[in-house]
Amino acid sequence: MKASFWDRNQLKLAPVFFLTPALLLFAVYVLRPIFSSLWISFYEWDGVGQMIWIGFANYEEMWHDDRVHTAVWNNLLWLIFFLLTPPLSLGLGLYLNQNLPDLRIVKSFFFFPFVVSAVVVGLIFSWFYNPRYGLLDLFLEQVGLQPLALLSDEKLVNYGIIIAAMWPQIAYCLILYLTGLAGLNKEMIEAGRIDGAKGWAMFWNIILPQLRPATFIAVVVSVLGALRSYDLIAIMTQGGPWGSSTVLAYEMVEQAIFNYRMGYGAALATILFFILDIYIAWFLIRVWRNEKGRL
Amino acid sequence: MFPQPIDKSSAAVKGTYRFVLYAFLLIWLLPLGGILITSMRSLADINSGNYWGWPTEFHLLENYTQVFKATPMLLYFYNSIFITLPTVLATLALSSLAGYSLAKHRFRGNFLIFAMFIAGNFVPAQILMIPVRDLTLKLGVYDTKLGLILFHTAFQTGFCTFFLRGFIKELPHELVESARIDGASEFRVYWSVILPLIQPALAALAVLEFTFIWNDYFWALVLVQGDEARPITLGIQALRGRWTASWQLISAGSIIAALPPVVMFFLLQKHFIAGLTLGAVKE
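If you're matching them up, the sequences are chains F and X in order. Number 20 in our numbering belongs to position 20 of the first sequence; there are no gaps in the numbering. Convert by adding 295 to the 1-based position in the second sequence; the result is the number in our numbering.
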């Protein structure tokens, strides 16, 4: 009996059937929109009317736009603070990596901010910072200091939002590190102890290298989190006071949705996209090396 | 274990350790405490400025039933559920199919497709915003749950495919081979060999995806306008606009919005952590 066409070619044809649904949806909702946005960034467009080709004018305008300068600086500030989260989480993780019976539940309490939605995190911290009823200013007044009114102070507002954002971010990195710490190679630690390695030397030479995968993911998610920050700003300050807490992602939405400047918004998104591409490339190169190592 | 375990240390060491631990835990949960207490306060307390002191009366039940009665919270909650669950199911279906193929089929462009799924996962939402909004309008699903489901499914499929491909690649190839030799079709292999084996991975992804989609704020803002399709995250923000003075209601609403992922996290912590730490433990 001759095998049918399908039987003979099944392995070659199967990928088409298995991948088409996912690829199709992905192409329509992710790939094509990226190129459309790049395209739109060369136009002046209010979203409904005529699109007018203006070349690089949007990018030129960005170069001189004070709000965009503020946004870039603020993104940088986010990035600096977010890069502190992996070491902070590692420190906390080392403290929590003990085998007392009550630690299981304590760890869960340190982890769970990660699953709390940004809207709720924003609300929690807005309430905490509130100059009239917030615990922070209440405390400052008790000890005889000036209340801060964090979110309405141009100089302090960014720190207020970033600290709120770090709450779930530290929880995230902590999960990564505690899992890493639980998976440490016991023989290597014992061997180190026999060789007299202690404290810092042990940590630096034996523990930290084993935590590299956790560190890698922690750094990746922290950089992404800092550059993609949007939700908390929208919820806590809407970029204010006077645009002082805006970031690129927020500025983009502000221009596109509230000022009906799709072209300008798309240009801002494009810049953000290219900045993030550096990290995407870095990540992909690592995945690629890993693959080759395994084959 | 590192650092040196202290369970066999003196009571003094353990005592000091616990003191620092719980002091820090208190600070860690302090901002949350405000919302939690406020959600149980009476309006009288709020009006008289008792925000952080002990509540004069506990209005736990009153406040939480009031949220459901006086606001469209129930509708928002329902919307969130009917956006999140179908998305999780659709995403797992599509990405397990794609993940199987990328892991176990050899063909040209395999790594390229895989790389594309990974890259798509990292792009900023803003680069997709304008075209996705236009597309959603054109498809006639703007301001509907379906509009959000379609987009979330497409976007999350990237992450899930990345995750599942890695997991399936680790499965012994002989399993697939022997099923093929027994004459099983590719779909049969996927259905009867692969799916049962990747159940832990699917569980991990399901809880993770549930949380991501439940907590989404940005896309709801971009693709939804009215109460009919508004998920709970957006609903809370709307309540804030309408009920500015009733902080006890807004707090209760926030707690309700946060609850499903938090409860799931405490119940299914193992799955969560498995999902989050893929690739982080071993390289």
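Keep in mind that the hints were calculated from the coordinates and are not lab data. By construction, the Cβ of each residue, glycine as well, lies at the ideal position given by its N, Cα and C atoms. One should not assume that every hint holds.
As a list, the in silico DSSO-like pairs of lysine-lysine whose alpha-carbon atoms are at most 27 Å apart [what the hints assert, rightly or not]:
(1) X/Lys364 <-> F/Lys198
(2) F/Lys292 <-> X/Lys464
(3) X/Lys309 <-> F/Lys186
(4) X/Lys433 <-> F/Lys186
(5) F/Lys186 <-> X/Lys364
(6) F/Lys107 <-> X/Lys309
With the C-beta cut set under 10 Å, the calculated list includes, among others, these residues of chain X facing chain F [what the hints assert, rightly or not]:
(7) Gln299
(8) Ile330
(9) Thr360
(10) Gln361
(11) Lys364
(12) Leu389
(13) Asn405
(14) Ala410
(15) Phe417
(16) Asp429
(17) Gln532
(18) Arg535
(19) Arg537
(20) Trp538
(21) Phe561
| said: Let's test the interface hint: is any C-beta of chain F closer than 10 Å to that of alanine 410 of chain X? | reply: With a minimum Cβ separation of about 5 Å from chain F (threshold 10 Å), the hint on alanine 410 of chain X holds.
| Can the hint on arginine 537 of chain X be confirmed by a CB-to-CB distance to chain F that is less than 10 Å? | violated, 15 Å
| message | Does the closest beta carbon of chain F sit nearer than 10 Å to the beta carbon of isoleucine 330 of chain X? | response | For isoleucine 330 of chain X, the interface hint holds, since the closest Cβ of chain F sits about 5 Å away, which is under 10 Å.
| request: Go through the hint on tryptophan 538 of chain X and say holds or violated, using the shortest Cβ distance to chain F against 10 Å. | output: Cβ of tryptophan 538 of chain X sits 13 Å from chain F, so the hint is violated.
| 27 Å Cα cutoff - pair lysine 186 of chain F, lysine 364 of chain X | violated, 56 Å
| request: Quickly compare the C-alpha distance for lysine 309 of chain X and lysine 186 of chain F to 27 Å and report which way the hint goes. | output: holds, 23 Å
| said: Does phenylalanine 561 of chain X hold up as a contact with chain F if the rule is Cβ-Cβ below 10 Å? | reply: holds, 6 Å
| query | Can we keep the lysine 364 of chain X interface hint, with Cβ of chain F closer than 10 Å? | reply | violated, 21 Å
| Going by Cβ atoms only, is arginine 535 of chain X closer than 10 Å to chain F? | Holds - the Cβ of arginine 535 of chain X comes within 10 Å of chain F, reaching about 7 Å at its closest.
| field | chain F contact restraint on asparagine 405 of chain X - CB to CB distance below 10 Å | value | Hint holds; asparagine 405 of chain X Cβ to chain F Cβ min 8 Å, cut 10 Å.
| field | Hint check: 10 Å Cβ-Cβ cutoff, leucine 389 of chain X to chain F | value | holds, 4 Å
| request: Would you check the hint for lysine 364 of chain X and lysine 198 of chain F, treating anything up to 27 Å between C-alpha atoms as holding? | output: violated, 61 Å
In summary, the numbered hints that this structure violates are 1, 4, 5, 9, 10, 11, 19, 20.
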